[in-house]
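Visitor: Since chain A is already given, all that's left is putting chain B on it; use the hints.
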Amino acid sequence: MTRKMDNTTRYERLRERYMNGDLERRSFLGLLGAAGLAYGVQTPFAKFAHAANVSEVRFDGWGGVVSEALRENAFEPFEKETGIEVVDGTFGGGDEYLSRVKASQPGEYNIAHLSGVFDYARYHNLGLTTTLNEDNIPNLQYVIPKLVDVFRNVTDGKLSCVPYDYGTTGLAYNRKHVSDEEMKEKGARILIDENLEGKIGGWGDWRTRIWYAALQTGQDPNNATDMEAIWDAIRTHRDLALKYWGSGAELMSLLAEEEIYVTEGWSGRIYALQEQGHDIGYMDPPNGYGWQECMFVIKGSPMEACEELLNFMLEPQTAIAVAEGQNYPPALDPNKVDLGDKIPKLPAFDPTGKLDGLTFADPAYWNGNEGEWSKKFGRIQKGY
Amino acid sequence: MSVEAREARQPWILLSPALTAVTLLLFIPLIFIVIYSFWLRTATGAEQVGFYLDNWREVLSDRFYRDILLNTLKIAAITTVVCALMGYPAAYFIARARGNKAILLLLLMLPFWISYIIRTMSWINILGVSGAFNSAMIWIGLIDEPIQMLYNETTVILGLVHFLLPFMILNVFVSVDGIDTNLEDAANSLGATRWQAFVQVTLPLSLPGLAAGGLLCFVLGAGTYITPLILGGPTDAMFANLVFEAIITQLNWPLGSALSLMLLAVLGGLVLIYNHYLGMSQLAKGLG
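Residue numbers (our numbering), protein chains in the order written: chain A, 151 to 534; chain B, 295 to 582.
Okay, chain B solo, but in the shape it has when bound:
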C-alpha cells in the first residue's frame, strides 16, 4: 500500500470508534424512532405495526402542540437572553483577570460536580414558603407572611438560568480570551474611550462566542423537562414534557416518537442556521 493511500485511510481509522458510537447510539435509534412514529398505539398500549400518518397529522395540525412548542421556544429564548446578560460580564471579568484564571474557571465548573436535579431542587429550600429567603425576610421583619414564589414560569426560567449559565460563560470566555488586548489599547490610543473600545472592538470580536453560548443555552433549555417538573406549576409544561407523557404516562410510543422528531427538527433547524452563518468551530472551542 502506498504512503498516500495509508495517509488517506488514517483519518477514517482514527474516526472509526467515534463513527461507530454515533451510528450505534444515535443514527440507528433515530431510525427506530422514525419508524415508530408511523405506527399506532392500540387500546392495550401495544403498538400496531404499519405505515400510518395519524401521529404526524395530529402533531402538525393540533393547536395544542403548536402552542406548547411556542411557549417552550419563548421560555428558552428568555433564558438565553438572561444567560447572555448575566454571563457576558462574568466571562469578560474572568478573561481579563490578572490573577489565576484557572481558579476562577474551576469555580465556574464547581456546580457541574453536583447533580442537576439536586441543584434544581435546591431552589425549593431557598424560595419555598419555609425556605431561606422567606425565613430571612420574616426574621428581619420585612414581611409577616411568607411569599409564594415557587411553582410558576419565573421559577422555571430561574432554574434553567441556574443550569445553563456556566455554558454561556465558558463560550464567551473562550471568545474574549482569544482577543488580543493590544487591539483595545490601539483603540484607546486612537482616542476611543474604554467603553467605545469595548463596544466597537471587543464586543464584535466576541460575538461568535456569545452566539455559540446562546445556541447551547437555547437548545439545552428548549429540550429540558426536569426543570418544569420540579419548579413549574400545573400549567408550566414544556415540549419535552409532552414527549415524556406520551411515552411514559400514556404508553403511546408512536405519538411520543413523532413529538420528539418534531422537537428535533425545530432545534436541528436552529443549529443548521447557526452553522450556516457562524460555523460549528466556535461551538467546539467553547465545549472544549
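Bound conformation, chain A alone:
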C-alpha cells in the first residue's frame, strides 16, 4: 500500500532517519529549516497559482439567524450546484470587520455583508473596491433601482457590490412594561425616559447613538446643527442605560431575559423575537434609521466565482428564502418579483419598491465626521 507523500509524511520519514542515526543532526535541522522556508515563501504566492481553479470563496456576515439563513438557503445549494465551497465567518460590527480586512492579505476576505452606503464608501476610500462584471450577474435586474443607484454614485457608475436587503433600526420595547400608546407619544425620547432608568439599552455604535440623539433633540439625523445637544442626549441615555449591547444575539438576550425593557433594535432581530413568542413591540419613529445591506466583493477576490455566488444569491427563489429566514426584506423589487406571503409582513417592508418612507444615512455627511465623532462618542460612553 502506498501512502500519499504530503508534508507530514516527509517530516515523519526525515525524523525516523534522524532517530535511526542515518542523518546528522545538522542535516536534519537544515532540511527542516529549508522546508519551513520553502513553505513560508511559497504560501503568500500560492493563491496566484490556484487562482485559475477557485475551490472556495470566503463570506463574512452578521452571524446568528442572518448567517443561518444564508448558509441554509444560499450557500449549501450553491456548493451543491457549483462545487465551490463557501467558507462563512462572522463579525459583530462593520468597524471591527473593516479592521480585519485592512490587516489582511489581498484575497484573504472575499465577500462581506456590509450595512449602509457609508460602509461601502469607506471601503472605496481605502481602495478596497473592485468592479463587478454585471453581465455575470443577470439577476441584478430584479433589484430595486434606487438601491443600486446609491452604490453606483459612490464608485463612478460601477458596482463593487449588489444590494441584498434592507431594514431599520427602530425602537423595541417590552409590552409588559411599556404600552404602544406610550411609545407613540414619546417616540425616540423613550430612550432617555427617567422612569425607565436601569431598564434601557442601546447599541454601542456611535452612528446609531448620534442618530437617535438627533431624533431626541428634534434635529435632522443627516444634518444636525447642535452637536452639543446631541452629546448631552447621549450622556443622558448613557446614565440611564443598563448596558450597551454589542451584537444581535446580545440584543435579543437582553430583551428576552427582561434585563432591559426598551432599546433601539434591528427590525429583523426583533421580528425573530416576536416569532419566538416574546411580547416585544417595534416601531420606527419619524426619521427612524433605515439602512440597506449589500454583498460587497473585496479587492483581490476571485471575481468570477464571487459574481457567480452573487447571482445565485439574487435568484428570486434564493433571495426570498434568505429574506424569510433572516427577517429582513430582500432588495428585490416587489413590482418585478412576487415576494410571497411572509415578506410583506416584515418590519420595514416597502410594497412600492421606492423606499421613500425610509431615511438612510448620508454617506458623505457621516463619513466626513466619522473620525471626530467616533472618538468623542468613545469618551462619552465611558463617563466623560
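If you're looking for bench data, these hints aren't it; they were derived computationally from the structure.
It is possible that some hints are incorrect.
Partial selection, computed: residues in chain A whose CB lies under 8 angstroms from chain B [stated by the list, open to error]: (1) Gly348; (2) Lys393; (3) Gly521; (4) Ser524; (5) Arg529.
Derived Cβ-Cβ restraints for the label pairs, each shown as a range [what the hints assert, rightly or not]: (6) B:Ile329 - A:Glu222: 44 to 52 angstroms; (7) B:Val375 - A:Asp376: 56 to 64 angstroms; (8) A:Asn373 - B:Gly435: 50 to 58 angstroms; (9) A:Asp330 - B:Gly435: 32 to 40 angstroms.
In this text the structure is predicted, and so the values were computed from the model without any measurement.
Ideal placement from N, C-alpha and C gives every residue a C-beta, glycine not left out.
Guide: Frame of chain A; chain B shown alone:
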C-alpha cells in the same frame, strides 16, 4: 571544533526555535507597533506615514487616558487582593491534603477546559434578572422582584476573579508544597501554636508564590477587555477597551499602538520591579 566550543554552542542551538518564535512573533510585531505609534490616521481611516508625536502627546497629556488607566489598575489590584484572600486557603488545603493531590489539582484545572468567554457569560445565567440566583430567591420567597446585579464594576471584578483565581492557587500551591512540613513541626515543638507556626514560618516562606500569583493576576487582569465588555455597564471600561476601540472602532491604528505601548510600559514596569526584588524563577515554577 573543540568540545568546549560545541558545548558553548549547544544552549543556543536548543534555544534557537524559541528565540526565533519570540523574535518573529513578539519583537518584530512590537517594532511595527512602535513605528505605527508615530504615524497619523487620515480622515479616510488610512495611515499617514511619517514621524509625528501627536499620538504620544495625546496619550500622555490627556486626563481621559490617565483616569481610565488608574481605574484599570484599581480594578486589577482589587481583583488580585480578592484572588489572594480566596486562593491562599485553597492552595494551602491542596498542598497539605493527605489524599490524592493530583485529583484536587485536576479539579482546579477543569475550568481551563471551558472557553474563558463562556465562563464569563455564565454569570449572566447566574446573576441575571431571570438567572438562577434571582429565581431561587423569588422561589424561596426572600424577594418579590428580581434584583439587578449585573453590568457594574462589581460584576467585572467577579468575572476577573473567576478567571484568575486558578492562577493564584497554582502559584501559592507550588510555594507551599515546597515547604518542608518539619519546619512547622519544629516550630510547634518549640512552643508555637499552629497559628503562630503558620504566620511566622509557613506564610513568610510562601510569600514568593503569593507574589508570583499576585503579579500574574494583576497583569492579566489589567490587560483584559472581554470581561468589562460582557459583564460591565456603560461606563465600566478598562484600558484594553480603549486600545480595542481605537484600533477596531475608530480604525485609528497609530493611536491604538501608542495606547497599547503605554499599557505595556506600565505592566512591564511592574514585572521589572517584581523581577528586581523576587526574580522570575518563582513565576516560572508556578506556570510550570
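Visitor: Hints broken by the structure, by number, lowest first?
Guide: 7
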